[in-house]
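Asks: Following the hints, complete the assembly by docking chains B, C, D, E and F onto the known chain A.
Quick mapping for you: the protein sequence lines, in order, are chains A, B, C, D, E and F. Letter by letter, the first sequence follows residues 1 to 320 of this note's numbering. Letter by letter, the second sequence follows residues 1 to 320 of this note's numbering. Letter by letter, the third sequence follows residues 1 to 320 of this note's numbering. Letter by letter, the fourth sequence follows residues 1 to 320 of this note's numbering. Letter by letter, the fifth sequence follows residues 1 to 320 of this note's numbering. Letter by letter, the sixth sequence follows residues 1 to 320 of this note's numbering.
Hints are computed from structural coordinates only; laboratory data are not their basis.
In silico DSBU-like links for lysine-lysine, alpha-carbon gap of 35 Å or less: (1) F:K286 to D:K64; (2) F:K139 to F:K129; (3) E:K64 to C:K4; (4) F:K95 to F:K4; (5) E:K153 to C:K153; (6) C:K117 to D:K317; (7) F:K153 to B:K317; (8) B:K117 to A:K286; (9) A:K286 to C:K64; (10) B:K95 to B:K71; (11) C:K71 to A:K317; (12) C:K317 to E:K139; (13) E:K64 to E:K139; (14) F:K117 to E:K286; (15) E:K95 to E:K139; (16) A:K95 to A:K71.
The structure presented is a predicted model; accordingly, all values stated were derived computationally and were not measured.
Letter by letter, the chains look like this.
Protein chains: 6
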Amino acid sequence: MAHKFITEIEPAETINDIYLVRDPILRSTTKGDLYIAMFLCDRTGQLNGRMWQASEMVYKSLPKPGFVHVKGRSELYQNNLQIVVNTITPIDPSKVTVEDFLPRTTGDVAQMFAEVKQIVGEIGNASLKALMGAFLSDKEMMDNFCSAPGGMKLHHGCIGGLLEHTHNMLRVARAILPLYPHVQGDLVLAGVFLHDMGKTEELSYDMAFSYTDSGQLIGHINKTLLMIHRKADALRAEGVEINPEVLDALGHIILAHHGQYEFGSPKLPATAEAFMVYYIDDLDAKMNQVNAAIEGEVSDANWTAFQGPLQTRLYRKRIE
Amino acid sequence: MAHKFITEIEPAETINDIYLVRDPILRSTTKGDLYIAMFLCDRTGQLNGRMWQASEMVYKSLPKPGFVHVKGRSELYQNNLQIVVNTITPIDPSKVTVEDFLPRTTGDVAQMFAEVKQIVGEIGNASLKALMGAFLSDKEMMDNFCSAPGGMKLHHGCIGGLLEHTHNMLRVARAILPLYPHVQGDLVLAGVFLHDMGKTEELSYDMAFSYTDSGQLIGHINKTLLMIHRKADALRAEGVEINPEVLDALGHIILAHHGQYEFGSPKLPATAEAFMVYYIDDLDAKMNQVNAAIEGEVSDANWTAFQGPLQTRLYRKRIE
Amino acid sequence: MAHKFITEIEPAETINDIYLVRDPILRSTTKGDLYIAMFLCDRTGQLNGRMWQASEMVYKSLPKPGFVHVKGRSELYQNNLQIVVNTITPIDPSKVTVEDFLPRTTGDVAQMFAEVKQIVGEIGNASLKALMGAFLSDKEMMDNFCSAPGGMKLHHGCIGGLLEHTHNMLRVARAILPLYPHVQGDLVLAGVFLHDMGKTEELSYDMAFSYTDSGQLIGHINKTLLMIHRKADALRAEGVEINPEVLDALGHIILAHHGQYEFGSPKLPATAEAFMVYYIDDLDAKMNQVNAAIEGEVSDANWTAFQGPLQTRLYRKRIE
Amino acid sequence: MAHKFITEIEPAETINDIYLVRDPILRSTTKGDLYIAMFLCDRTGQLNGRMWQASEMVYKSLPKPGFVHVKGRSELYQNNLQIVVNTITPIDPSKVTVEDFLPRTTGDVAQMFAEVKQIVGEIGNASLKALMGAFLSDKEMMDNFCSAPGGMKLHHGCIGGLLEHTHNMLRVARAILPLYPHVQGDLVLAGVFLHDMGKTEELSYDMAFSYTDSGQLIGHINKTLLMIHRKADALRAEGVEINPEVLDALGHIILAHHGQYEFGSPKLPATAEAFMVYYIDDLDAKMNQVNAAIEGEVSDANWTAFQGPLQTRLYRKRIE
Amino acid sequence: MAHKFITEIEPAETINDIYLVRDPILRSTTKGDLYIAMFLCDRTGQLNGRMWQASEMVYKSLPKPGFVHVKGRSELYQNNLQIVVNTITPIDPSKVTVEDFLPRTTGDVAQMFAEVKQIVGEIGNASLKALMGAFLSDKEMMDNFCSAPGGMKLHHGCIGGLLEHTHNMLRVARAILPLYPHVQGDLVLAGVFLHDMGKTEELSYDMAFSYTDSGQLIGHINKTLLMIHRKADALRAEGVEINPEVLDALGHIILAHHGQYEFGSPKLPATAEAFMVYYIDDLDAKMNQVNAAIEGEVSDANWTAFQGPLQTRLYRKRIE
Amino acid sequence: MAHKFITEIEPAETINDIYLVRDPILRSTTKGDLYIAMFLCDRTGQLNGRMWQASEMVYKSLPKPGFVHVKGRSELYQNNLQIVVNTITPIDPSKVTVEDFLPRTTGDVAQMFAEVKQIVGEIGNASLKALMGAFLSDKEMMDNFCSAPGGMKLHHGCIGGLLEHTHNMLRVARAILPLYPHVQGDLVLAGVFLHDMGKTEELSYDMAFSYTDSGQLIGHINKTLLMIHRKADALRAEGVEINPEVLDALGHIILAHHGQYEFGSPKLPATAEAFMVYYIDDLDAKMNQVNAAIEGEVSDANWTAFQGPLQTRLYRKRIE
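This is chain A alone, in the form it adopts within the complex (with noise of 0.2 Å):
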């Protein structure tokens, strides 16, 4: 039976469906009864649940957030849909068909990952390869790399989308760096390799993309400086040198590759690399968002929707 999505469901249906809970709180009534009021969730949004008349003990069974069984109906209360829960049980997260749940890239994670490995193979810097090679042989770190979304919204949202931004940011730095001869290019691809790899640790996307607290305060930017300096402080304590400059330009890169302080970048781009990689990644983001956009919507129309971060509808007809 296919899933009901969330943005599918009409007041007054019966719901008998899997979803996602959040935030499950146990309340009690004015008149001391208990209820449970929490969010349920998929892919394409979220309500809120309620389910009068329970139990401590349905409370404590629910996961905290995790799969459910739902039986119930939906209604209107002061113009917004929730949903009566009548009975709600733990799923096997191994029954669910996760792609209800996150979207996930279209292209191939095992092809674009070794794509990556070679791209960034090529970089001849001594400390930077070193400080590559840590990266790459971080098996954990690669296996969140390869599942992280590249954002919650805007660009690449889905799972495996920061490994698709990044690997075609490096097909693209490898396609013009031939033309830009003075740029330093073991900088720009060490850059756009780990520009992002802070999003591994300020999203969470094992069941739903969100923030992290962690990623909320200390952002992705500040925590790829922190990961970097975390691998060259246990390669240095294993006795590879890794020449401070290098990691301060590499560095430089990371804190400036928003362009803009009110994109959140500390710190203005200050060289030809810093430049690049900023250029790389907005040029990739916006095509992604663009793309998105106007393959998006389902409409004949030639123009889509106003796209708030873009302060423009988008021109969707072709020219022949």
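Replies: Positioned in the frame of chain A, the structure of chains B, C, D, E and F alone reads:
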């Protein structure tokens, strides 16, 4: 004898050299004597010139503007250096070392233009193909395209700079288009080729770089749009069909290629192609600007001077 | 029978009235039944329409867009009102009360246009006189000029609004020009007359107000510049001399008349005439906008609702 | 003998002329000798002055500020021109050609003020009529109103400039009010008349233009509001009824007449009348500023120098 | 019986409770029947109310605004909840639980005001001492000062909020003044005490929080300045000398205490005292705003909802 | 003999004094003679120095940078003062009056640091206590903390300035924390103590104030975050537990303490503690900056010169 550059002149020097005279004016002193006020220039800057005890005949003999042989002396006046002119004689431009007055691209103009024609020649869309042909076969316009600077100051500010910039942008476009298969390459290539064509009318660059009156009032973005429509009107008068939707999609790229209102674009990018041309333009300009700043300063310091338009100093040291 | 306006429709009403249908699409449900999705509109707004059990024949009979007689019923769906259509029949536009679909200026169009011609007729400069003549004798363009709205939303958003706005601006210009004797009145009057002429191409206003594709890609400012040059080219082809400096001074007024980059002007005002046209345009637009906001709300309150574009509420009470 | 203007003085000239002395200070050198540091000014600028071997008697004789006869010599000191003073003697202001120190409106002050009174006299609203009478009958304030400059630098920076500016604004208001019948003319005329009245207290303009301490701390906008309330309080004390709502509507015009927060207006325009006064003020100021820039430069060039506050050069050439 | 709060009402409920009625209007339907439109409010929000089959007599009986007992029923109309009123009867304010309509500070008003008086009493400068005395002895103004809210929404939005905010700022000022010995404490304390006094006139807070007409046109900053000058004028009329320089220094603190033009300050801080009052005000407001956001949401989540004015969500979890 | 300060040197003076030499370069003239270009500095500024007829031996003897005894003469060259060096001899730093080269706090360093330790010692949270201990027991870092300036220019720009600023901020925090009982004092005190610790690495201040390469590429905000994590890693390696949530809350304070993106903070304050540290930092910096501007100018005028960063002149006169 080597040319004495304007920025090399110190107070109380004897002057005996060729300069460009601009804006000469014949005036009379309070005592009734005639004198000529003028600017004397070369590619490094300009100084006020004053010829006392001048005559109307001398004034009439001067090119306005043009090259002159000046004999005189430098002096400080109100803390500003000026040249007191004893004799001033028009010089035939053919006898002038043009490079003393206008910097020139270090690239090979013929080869760059040949490659531009070749890349633009790959465009397949019928309307764009006809339009590109009309531009490429306009001998006078192409001569200007090969001579004009890319800008007054920030980037590619040299004879042949517009060609150098456009040529490199076309190479970047061709390198990355395969990585963005949904982007319409014909539009991008046509947009890159024409994006700054109006600079041939906006700027004056026969003896020194300056804005034309018309260029300053109308701007190169709008001049380019007028050029495109004039070419299309002429083709239509000859019976060649030009799809108006193609014209609008191309015109939009031109209008939006500065990317933001505050940089003089009257339209924000609303197509993938407009975004791509904007990013390639900005990337190529910044790479040139950063490199020029780093190479342009005679200094062993690790940092350049503060770069106003970039709001930072630039780091010059290369990694090891 | 009075028209039931879109904003007056409540849930669960019987619908039997004429509306404008836009963007109808034929789709099939998951079960394979055909249905038509569409927008139903009048001058007060639009609603989603759904015709279930539709046929390709009905779909083909629909104007896209155009007027239709709709029978059906309103209902709430996911908290949004929509119309379930039972029958839908094309209606001849001649049978439609146009005012139900497009608001119309309360001014006397013939009289306003006569006064526009009279004031513009006072222009003495030969080039401008010839150019104004070319516009005024273009019957189709003048018909559009008398019908087009002054804008989509903010001010003069009604049939005839462009004429009403231009007419009043010309009267303001004529009233204050004697107080600024150094300002070139011919340029100001020509600039005012033409300043928004491109809106006749930027906007569509036969059945509802919207942007044309071309208008949204190019914008009315640049369309006006193209119109002026096309008229000048045609005059020159007929042997009429048009001073290019006059054309540039006029073109500059058009390009600069929004006064600031962020309002879509690619040039900042650089002549007294460009400043004057900018101020008269802004003043007349704001007077219309403020008055419309104050008169437009049915309320006895001393203050209007918050006006987003003005960043304030407006005070309605008059002094005694 | 013609006055030697500050900007005309070159190094190593003999000085023997009248200047305005400001901020004289008596100091002692490291050796213990007394000297006087001071500024010497006229309407073209100011220079540092130094009188070595000064005495306390000379210092005490100096007006602070005031006119003095200076004998001495100009010299360069650390690249700045200064005047070494040999003798310095106070001069009676009556013996000074005031125009050497303060530029003066070219308009006819008596005639302008008469017309101001006549236009303001047309106000019919009782509260405003009484209030206007209180201002017009305040002899000292009206004398200041006829003398004060319109501003320090940008526009109407001359003795009588405030009157000239207000007078022309009143004529503009009267010319366009009939075209906006819903606008309350009485409020507009009163608002225009008083809009900058606080400049009579904000600025000092007896010997040179400067800000008063109080003016710089409080500003002319707020000073004007205080003046209006003080006049209203006085009228009420005499038994004249002043409608507080009228006072607020008028006060709002004053507070909002710079139109935007960043130009020092603590309130944004919220009435048609406040918008109109803002536009008339800005229009008249810009017309004066543009004309002054175009006429003020001695140049045959088509363009003025770059105008910082306008962010552009101005085009000077007139059409033919 | 507990009050049914506006935000607790669901569709199709029976209403039988006390609310505040605002802006009632008597209108007639198209059929000619009379009805009353009104707003019904309490401290949690407001809803539209409609009384069909109303009479002029009922309309005249209504307070405008005031408390009423309403019987009727809630219903959805065009997706908005409204109350259909069957009977509506004025209620004496003395019978109303005021806390249902206006939140109230949790602090002890008498104690806070006593401490305010004590701290302000430490001011030694004669002019300021006299001025403070004039304010403190104005019984009506001090009653208002103890009742007024600190603001409409962002911070201290409760009865007594202005006192609570001012009281805490005075304590902060007293705590840090010893650490900045060059700052003139008398000016800071006087500035803090009076900084928002104009809110007593800007806001209306007898039955609900709203802006007065006068408050919205003039603003509390300018109203405070007028209050200070009126008090000073009165003292001078009684023969008490008030140093005008002290008045300007104090007035400057008031005008500059929002710190930036865009927050409605017509002057930027130009004294150490003005800076200090600005910082203390901003600190105390933000501490209140942050705490209210964190405490105000019923949630166990680590983060609050997005806070528009702060452009971030707030982190609620405490460290261990 | 008193040091001749750079800003006191006039043209054509004999120079015989100690200066700091920076960036000396050995070059050859067009004739082939060797010369040395260099900067000569003290705490008041720097001048170009030129030693003609130099030798490689002299060049090699120079510290780069370091203190030297210079004999020579000042002269004007292209309107800039420069020093023509006859002899230049390295000087042992111990023989230099350091105060001539670096301004120094007027506070008592030992006493301030003792009080810092005492206040920081009051922190009770275990993780923070351990972390503070690790910083306080790092002898080299604490020496730097006691020497570093608070900034390059705006505030506390002197040896010991960072300590002075941090010390005063801690005192302010301690004074106001009791007034905000919901704020977690441990976090505020730790945040204040460490907020600018990265300046010890960002700035160089042994002979003159400048940015280090690393400091300019990475910035003190990010350097501080790296320091904190390095200390925490070291503690954990020793078996001390550091709560990662405490680390994130502290790191957030550091990242957000500039309060706004445009001031280089990559995160906006999202906790009460982050807001408080931001306000205390800004207050203390501004108090120092305002006082320095008012005290720093030798002038009897009521107003300082225009202060660019504050966008105003400052009023110096004290009330009576």
